[in-house]
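**Student:** Please work from the sequences and hints to get the whole structure.
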Amino acid sequence: MSEKNFEIKINEKACKRCGICIAFCPKKVFSSENDKPVVVNPDACTKCKLCEIRCPDFAIVVGGDDDDDK
Amino acid sequence: MSEKNFEIKINEKACKRCGICIAFCPKKVFSSENDKPVVVNPDACTKCKLCEIRCPDFAIVVGGDDDDDK
Amino acid sequence: MRKSLEKYYRIDKLPHIWCPGCGHGIITGAVVRAIDNLKLDKDKICIVSGIGCSSRAPGYLNFNTLHTTHGRALAFATGIKLARPDLKVIVLTGDGDCTAIGGNHFIHACRRNIDITTVVFNNSIYGMTSGQYSPMTPLGAYATTAPYGNIDRNFDLCKLAQASGATYVARGTVYHVPQLIKIIEKALQHKGFSVVETLSICPTYFGRKNKLGSPVKMMEMLRDNSITVKAAEKMPREEMVNKIVIGEFFEENAPEYTEEYMKIIQRAQGEE
Amino acid sequence: MRKSLEKYYRIDKLPHIWCPGCGHGIITGAVVRAIDNLKLDKDKICIVSGIGCSSRAPGYLNFNTLHTTHGRALAFATGIKLARPDLKVIVLTGDGDCTAIGGNHFIHACRRNIDITTVVFNNSIYGMTSGQYSPMTPLGAYATTAPYGNIDRNFDLCKLAQASGATYVARGTVYHVPQLIKIIEKALQHKGFSVVETLSICPTYFGRKNKLGSPVKMMEMLRDNSITVKAAEKMPREEMVNKIVIGEFFEENAPEYTEEYMKIIQRAQGEE
Amino acid sequence: MTMTSKPRLMQGNEACVEGAIAAGMRFYAGYPITPSTEIAEIAAERLPKVGGKFIQMEDEIASMGAVIGASLAGLKAMTATSGPGFSLKQENIGFACLTEVPCVVVDVQRGGPSTGQPTLPAQGDVMQARWGTHGDHPIITLSPSYVREVFDMTIRAFNLSEKYRVPCILLMDEVVGHLRERVELPDPASIKIINRKRPDLSKIEYYNPYQDYDGDGIPPMVNFGEGVPYHVTGLIHDITGFPSTKPEVTEYLISRLMRKINDNLDEIIDYEKFYTEDSETVVVSFGSTARSVIRAVKILRREGQKVGMLRLKTIWPFPHKAIQELPPTTKNIIVAEMNFGQLIEVVGASAKGRFNVIGLNKYNGELISPDEVIAKVREVNKNA
Amino acid sequence: MTMTSKPRLMQGNEACVEGAIAAGMRFYAGYPITPSTEIAEIAAERLPKVGGKFIQMEDEIASMGAVIGASLAGLKAMTATSGPGFSLKQENIGFACLTEVPCVVVDVQRGGPSTGQPTLPAQGDVMQARWGTHGDHPIITLSPSYVREVFDMTIRAFNLSEKYRVPCILLMDEVVGHLRERVELPDPASIKIINRKRPDLSKIEYYNPYQDYDGDGIPPMVNFGEGVPYHVTGLIHDITGFPSTKPEVTEYLISRLMRKINDNLDEIIDYEKFYTEDSETVVVSFGSTARSVIRAVKILRREGQKVGMLRLKTIWPFPHKAIQELPPTTKNIIVAEMNFGQLIEVVGASAKGRFNVIGLNKYNGELISPDEVIAKVREVNKNA
Amino acid sequence: MMEERVEIRLSGSGGQGLILAGIILAEAAILDGKNAVQSQSYGPEARGGASRAEVVISNDEIDYPKVTKPQVILALTNEALNKFKDNLAPDGIIIIDSSVKKADTPYKIVQLPIIETARDRIGRSMVANIVAVGVITALTKVVSREAVERAILKRVPKGTEELNKKALYAGYELVNQLT
Amino acid sequence: MMEERVEIRLSGSGGQGLILAGIILAEAAILDGKNAVQSQSYGPEARGGASRAEVVISNDEIDYPKVTKPQVILALTNEALNKFKDNLAPDGIIIIDSSVKKADTPYKIVQLPIIETARDRIGRSMVANIVAVGVITALTKVVSREAVERAILKRVPKGTEELNKKALYAGYELVNQLT
Ligand SMILES: Cc1ncc(C[n+]2csc(CCOP(=O)(O)OP(=O)(O)O)c2C)c(N)n1
Ligand SMILES: Cc1ncc(C[n+]2csc(CCOP(=O)(O)OP(=O)(O)O)c2C)c(N)n1
Ligand code: SF4
Ligand code: SF4
Ligand code: SF4
Ligand code: SF4
Ligand code: SF4
Ligand code: SF4
Ligand SMILES: [Mg+2]
Ligand SMILES: [Mg+2]
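Protein chains in written order, with the UniProt record's numbering: chain A, 1 to 70; chain B, 1 to 70; chain C, 1 to 272; chain D, 1 to 272; chain E, 1 to 384; chain F, 1 to 384; chain G, 1 to 179; chain H, 1 to 179.
Treat each hint with caution, since some may be false.
[What the hints assert, rightly or not] Computed list of lysine to aspartate or glutamate pairs in EDC-like fashion (alpha-carbon distance at most 20 Å, straight line): (1) H:Lys165 with H:Glu146; (2) F:Lys246 with C:Asp12; (3) C:Lys44 with F:Glu226; (4) F:Lys352 with E:Glu45; (5) F:Lys49 with C:Asp12; (6) B:Lys9 with C:Glu6; (7) A:Lys13 with D:Glu6; (8) C:Lys159 with D:Asp156; (9) B:Lys16 with C:Asp12; (10) D:Lys263 with E:Glu325; (11) C:Lys88 with C:Glu233; (12) E:Lys298 with G:Glu79.
No wet-lab data here; the hints were simulated from the structure.
**Tutor:** Structure (structure tokens):
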């Protein structure tokens, strides 16, 4: 996967601000703005996708939409 | 318990002639007469009372009515 | 009938309805003897059943007796016990009554560890409705609703009881009556939910459908296929097929439900 | 939502009804990923649930979905599977739905070893009806119907499943999602009845009633109290208190119900 | 239907299974209970022979659930039970009503209430068949009097259930269920079979499982596993099948469910009139009781008494018109039932004061006899 | 009853628990379901404070069983549920009817059928309350309209249940169950409590649990564990409590069960008439709907319309006499119910053609409004 | 003695095969081209005590399917005889086994060693029901001999055909010896 | 503006404590010696989305317990405002939070920073409902100030009494600043 394709997308409408992604990203990629997760440290991301699979609201996509998820 | 007090009583009305007492008396005390159990060998009885507790119809009493059952 | 036991029976209801050689009478007798041996207060005993040949047992017994709806004995019994913890509550039930329609109440009574003794009359069949397979019918056996042989695997009731939380679990048979009486005595003395699965025989339906022969033959099968818990532990798995393991499987001290509830009452009243 | 997964969801029904931080969304996502990973035929999948917050999951999933009556998902699922053995039948259910009112259907589905995968969303509470205790609520916990603390002991669902006859039994949590997905994959591939108990979190009721704090706090608890099956084997009993053992407990090859029934059909038709 | 099979002796419960198989039943789930058990036993033996499935579930609730599941998966499905089991099935019967899943539920009535009189006949579940589950719901209930009629009516039960997507109750009683009687079965080819209506998916852009595409109140049905994913729920739902709490959605759905039945009374309702043209007294009856009534009417007519019979074959929806259309000569209606008086209330509502409505009730575990009917008719005619 | 407590805001479901405890309830078994859940929750909190027991069972069937068991063991017992759970309880309700075990079953009605509309009001279980279980059986059903009435009626439900040894259904609806309203509770000392009749064992040689010693059809009751062993079964039984299949035993038992109720209609039946003395149109109603009717009648009377209301507090046994005794001025009866039309059939049977019986039905999850009642009355009066 | 409607009541105790006997008679009547219904009464649930099978045979429609005034009663136990002996059609006959104690009744009683014949002559007490069918058929001619033979062959377990035929004939002979 | 019957509708979303606010208003009315009922509407089962509490206060019997033409509406969300804005009593007023977008309606709208006051002035957004109670009471006088204070003290969790009283006063002040 090429670097430029890479992104961490948070669907704001879907997000219910539970804070799970923020708390458990091993690389502290997110920070909280009024309980809202914001990507503050994208370079640290290892694409482990833990945030994506732990988001109860399917609000996060790591690595681009068409990225193979396997 | 004195000898004379001792008896093996079969309540004919209650007995449904299943043959269990006859088959499983360790001392072969009963024999079958038209499927009806008859005490034929009372002296061999050890008063183990297995026949009494195995009779599905509560039809056998070994050792006299007032005999302590313990 | 032995004079000293007559008080436990409703003599006028005898002879009972069960078929010649039906094992249910043997289990009923064992329950009575266990009660007598323990000298329990007759008036404080309450016997509850569901529906089935086995569930007819309470009708012959001279206690407070309750013949409920099919499968629900333990639900009613739970109400009685919680309302009157001083009563000794005994449930007599069949394999169908307890494990088919009544399965949920069974596992929940186990889980709560409420002080009730349950004796399951397991004849591997629905006797009363004339021989349909039950959740305890062995694989391959025939029944009116299994005309091509039964493909439903059966429960191991003792395992199920233990996994659900019962704190005394044992198995006996109508052949091994002296042991059965002792087991029932222990169950009655146990504080908490106790289960005694008893292998019974139904010559009329299970026996006939499976060509097992007379009641005597069926008793012989129980005799010849039973092994003790201890013996089973040492036996290789292959040899265990078709073996009936009898004896005590599990015993544990754990908080009993109605006692725990009394603490709730104390707490609630203390808080006011 | 990842594009490649959109086809599995009813996008127009999202956002879902679940509260912020509710674990049920995480489990639903894990089920979808497991299905996707296995490249199962979407049209041949049928997802069945009972009633509860958890049982709302099928409504969001774009398969044949059936939202039945409370507790009865497995009964309906059994009908579907036996009628159409070629369908992959998945049951999504809650701890209340599955183990309280639905307990009997659960143990019987386990016993029959019918090829259904059951994922239990265990949040230790009745979420949908606002926080009553369930058969999975830990001793001492608070709930609206346990205002003085819960005295009902809880089931060990995995033990119960295994004792009832399930042939694949595992436990995961909404914290350990990668493992959870793998477990669900294995369950889906298993021939026979498979159970995946998943510890979920209900911040709204279980969390609040028991002062457990935010969803994050509850996730931390799952993280900090979970140990693997292997680790548990070595751990002394005292230390096991309050520990959540996760991983695979049991796996067995055994005749599957609908396959056995096909043999019955052959036998019946051969006999004519 | 043309008769072709040789005459044979057949039990009512057996005729039920044979009728069901002829109607296309390929799934049976049940839990044994007297006096319906033979239905399960015969189904267990017969179904695999025709490639169908039989399963004995853990209880009646599960049986009803499995039947609905199997029907959704495309098989015609049935369950049979008796009073206590019928009570247990009610919640899931309501589910089938609301989700419009075709299925047939047989209740072979025995003495009630509760465990009651398991081996004795009664007709005490007739109101329960209509009102046993909570909430407003549509239901069809048929009640046979003869073994041959059990066969035909079981087929009709499947046909109506499939056509209207509504559970159909076959309300038998112990007498009819256990009776063995001479029957000649029709040529299978001559039997009219109705299958659930299917949508023409090529003409539908998006399949809404609860859309009334044809305006007849009956949404066409796709089975699970046919490549058209959709959602089924026991919550009130809109045409897409998804829950809604909108008042207009609820009202529309409930009305449509009721309309399916109420718009088709003429097709659904079936009854037999016997000597009613000039009758002063009409005995209304159903099930096995009707056989005693027929005999009594024959005897009384020979005596010259102006008495007739109305035998209800469809009980629900209730044939109000049949009552109201009784001839002007009719003054008295006797409702003969093996219960404490159930249908009589409904007949009373129909009668609107036009008739004198009298009950002939027996609830002692025995079939009402022709003599009892005769005595009642004489008493009524004397008083009149 | 004299008012003594300070006025306070109380929810209907809460008033139910308070009434029950005032009536002597010391056992509650239940399974939560919207909109009845608060009853369980409040009972869980309140009961241990008065030394009573609360248990949450595994389902509604078990809850009903536990309630019957506890009542047999001597505690006044209650359970509460809503539609789906009410369906599940039916088999065991029938058991309580036949074995004559006093108990109170609360059904807080929500939208049906099936899971339906869990949070929305309906009155769709009114026929089920009468006919939900199989077989002939007696039952009493009360329906409150106000929160204070919930309190009083729960007490009355216990009193009637204890007195007649019959399950009593308290049929609430979501509106009344969830409504918070100003109430003043009576002085506990002023509340009339009826306990089950007990035999004078010193005068009885052998206690037959089902013997009608007093000729009132109600056998005196001994509780389990009081030293008098006896047998209770859901089979038809003779006076000794043991099963019998004799026709005369069955007939006697069923008749006695029905007689207990039918001989005491005047005591059991309660209703409220409002402006019926000269009314041309009477609106029959119950539960929360009646509150809209009262408002409508007040408004219409101000306009000079001759309209009245009959509010049924006892629904079963049905107050036929109240209908029949409406004054000669009355031509029309409007039956206002939050369902598709249930009680209207029974009113119709009562009316015997004397009245024009019209339904005002709403089944969309909303309470019938006064405006709708007004419109209906105007329409009827115009047509008349 | 064939009338428009013939009612037969077979009574005794459970296990005597009376229901099968009733089925055979009904089936034979059908083979004879007549109408027939068969019903039975059960004890509590499905077992125990007294057993009873009833058959109605007619050339016409059979409306009321139960037996009220039977032309023929078979009673294999004392209990059965006493219960039913007083309620027959005017010209009815009662057939009782030799083991049954005769009782007062206004009706004709025919006593024959049915059970004994089965046990001692055929060697299987189980087939007493078929002996009884033979007796009834021979005595009353409600059904034809061929029809009853065919009905028996159709309904009895495979391998027992000869045995049952023998039992049937033995029943006929018992009656022949009477006259 | 006290009439015979006053209807109040409090609307917003789940978690805003509107039901408690309704209870407090109803209880205050009772303390004032009036009659009152309070009801609410729920989402599917017991959770989610929009929330609504209704109060009817009267000197008389309250027959019909639901709100149809409220004199007072509180709307804390846009959704709530849009749903209910067109259906008030002729002289009705609508109170909306500053976060809510004003909308077309024939009725009088009063906009106040209720949520902000709770969050920023009192420091707990949770007590916005009590601020709203203060606003309603001050604006409409449907209940007396002492009554509402007593009602609050009775119904709020122990330990939060002062906080809630502060919130109530803050609500009054918001209204005072208006005039
Ligand atoms: C709700 C209900 N369903 C079914 C029945 C019918 N029924 C009565 S007993 C029984 C099975 C009994 O089996 P088991 O408990 O094993 O007792 P057994 O007769 O074998 O001793 C059944 C299915 C019933 N009475 N009630
Ligand atoms: C027959 C019946 N009883 C009770 C209910 C009420 N009810 C709905 S969901 C539920 C509990 C759900 O708990 P669980 O399965 O754990 O799901 P959760 O909401 O916690 O995810 C209950 C009691 C019902 N709908 N139907
Ligand atoms: S985990 Fe999902 S819902 Fe929770 S804060 Fe992050 S993006 Fe929002
Ligand atoms: S993919 Fe992993 S590292 Fe990257 S943001 Fe998500 S959790 Fe953090
Ligand atoms: S065991 Fe009892 S019933 Fe059986 S034969 Fe012996 S005495 Fe008779
Ligand atoms: S007591 Fe023992 S030895 Fe004596 S007869 Fe009985 S079984 Fe035989
Ligand atoms: S049928 Fe079976 S279980 Fe029932 S009484 Fe007879 S032998 Fe016993
Ligand atoms: S109530 Fe609990 S289980 Fe239900 S959606 Fe909210 S957090 Fe999840
Ligand atoms: Mg059994
Ligand atoms: Mg849960």
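**Student:** Checking against the hints above, which ones are violated?
**Tutor:** Violated hints (numbers, rising): 4, 5, 10, 11 and 12; every other hint is consistent with the structure.
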